Amino acid sequence: MPTPRTRARDADRTAACDALDAAYADGQIDGVEHRERTATALQATTLGELHAVVEDLQVAVPPAAAPRLQPARRRRAWPVVVAAVTVPAVVVAGVAWSVADRPVANGVDRPQVEAVTPRVVGPTNVQTPEGYRAFVDAVRAELGTTVVDQATLYPDYAIVQALVPGEPRRIRMYIFRGGMDSSPTTGSTRDADDPTVDLASFDPQPMLALLAGAPQSLNVRDASMRYVIVDGGDGAGPRLAVHASNSFGESGYLQAKPDGTVTTRFPFE
1 MPTPRTRARD ADRTAACDAL DAAYADGQID GVEHRERTAT ALQATTLGEL HAVVEDLQVA
61 VPPAAAPRLQ PARRRRAWPV VVAAVTVPAV VVAGVAWSVA DRPVANGVDR PQVEAVTPRV
121 VGPTNVQTPE GYRAFVDAVR AELGTTVVDQ ATLYPDYAIV QALVPGEPRR IRMYIFRGGM
181 DSSPTTGSTR DADDPTVDLA SFDPQPMLAL LAGAPQSLNV RDASMRYVIV DGGDGAGPRL
241 AVHASNSFGE SGYLQAKPDG TVTTRFPFE
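The UniProt record's numbering puts the sequence shown at residues 1 to 269.
Simulated from the structure, these hints should not be mistaken for lab results.
Take the hints with a grain of salt, since some may be wrong.
[As the list claims (entries may be wrong)] With a straight-line Cα cutoff of 20 Å, these simulated EDC-like cross-link-like pairs (lysine to aspartate or glutamate) come out: (1) K257 / D231; (2) K257 / D222; (3) K257 / D156; (4) K257 / E167; (5) K257 / D234.
[Said to hold, decoys possible] Computed beta-carbon distance windows for the label pairs: (6) D259 / R133: 32 to 38 Å; (7) R140 / T3: 24 to 30 Å; (8) T128 / S217: 16 to 22 Å; (9) E55 / T128: 32 to 38 Å; (10) R7 / P267: 34 to 40 Å; (11) D234 / T6: 30 to 36 Å; (12) Q255 / G187: 38 to 44 Å; (13) P168 / D222: 39 to 45 Å; (14) D222 / D30: 38 to 44 Å; (15) D56 / D259: 24 to 30 Å.
These numbers come from a predicted model, not from an experiment.
Even glycine gets a Cβ: it sits at the ideal position worked out from N, Cα and C.
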């Protein structure tokens, strides 16, 4: 039985983001809150963290399909390491029971809010040559440059850590989901001398070939999630980090140069 401390999967985070998209589309949350919650969901590492992001929303999940998360014993908190993981229906289902069990007072006037018109953008698979080029074009159009601190490419969306103009130690995170969100979600800091990477300088073919072969090269059978992190490396030039994982918790990753030359490999053993 899952608990709030159960590690979230990539499918779980995707389900949470889908719930947020639906809530934004029907006016439950505004654009600012949608961006902030989406950023939190994308960085969540446990089902409890994801549940907190969507628990107050109305979602189209039958209450009967909603398993309760079992409370976990309290432990000392430790720093959270952000990693790509997965979230099927358990998170969204958790929303359903929390909403279904909450009584609604009769005769209570709800505040009127301005209708929200969502920007509907078709999905783009950034792990294809065409999708990657569309992603780079969107980054250029939004930021005025393709030089960034880091980018993480999932099948249907990407996260960009962009430099704040005139502030070499500051970065802001943007999300690409068929189109660039015009407002950054969260901010962070970096070392001013950390290398940057020009996304337009990459030939996507070697990178995509590594992604395609990741289940075999990393010994991760039935891989359900593959993603790649692109950054400026540690002084030896731009670097790719290709990750693969499956529903059994088996995972591995490799690091490579932009031309596809593998420099380190950490397969599942």
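**20 Å limit on alpha-carbon distance, applied to hinted pair K257 and E167** = The given pair, whose Cα atoms are some 28 Å apart, is violated under the 20 Å limit.
**Item:** Cβ separation of D234 and T6, checked against the hinted range 30 to 36 Å
**Value:** This hint holds: roughly 33 Å between Cβ atoms.
**Asked** Falls inside 24 to 30 Å, the C-beta gap from R140 to T3?
**Response** violated (44 Å)
**Item:** 38 to 44 Å as the expected CB spacing between G187 and Q255, which holds or is violated
**Value:** 27 Å Cβ-Cβ, so the 38 to 44 Å window is violated.
**Request:** Please test the hint of 24 to 30 Å on the beta carbon pair from D56 and D259.
**Result:** About 48 Å separates the Cβ atoms of D56 and D259, which means 24 to 30 Å is violated.
**S217 and T128 - C-beta distance against the hinted 16 to 22 Å** = For T128 and S217 the Cβ distance comes to about 20 Å; the hint holds.
**Request:** Please test the hint of 34 to 40 Å on the beta carbon pair from R7 and P267.
**Result:** Violated, since R7 and P267 (Cβ atoms, about 20 Å apart) do not stay within the stated range.
**Message:** Next pair to validate is K257 with D222; report whether the Cα-Cα distance is within 20 Å.
**Reply:** Measuring from Cα to Cα gives roughly 26 Å; hence the hint is violated.
**Item:** Pairwise beta carbon distance, P168 to D222, judged against the given window 39 to 45 Å
**Value:** holds (43 Å)
**Message:** With the threshold set at 20 Å, check whether the alpha-carbon distance from K257 to D231 stays at or below it.
**Reply:** holds (11 Å)
**Asked** Could one say that the CB atoms of D259 and R133 fall in the range 32 to 38 Å?
**Response** violated (18 Å)
**Prompt:** Does the Cβ-Cβ separation between E55 and T128 fall within 32 to 38 Å?
**Reply:** Given about 35 Å between the Cβ atoms, the range holds.
Comparing the model with each numbered hint stated earlier shows that hints 2, 3, 4, 6, 7, 10, 12, 15 do not hold.
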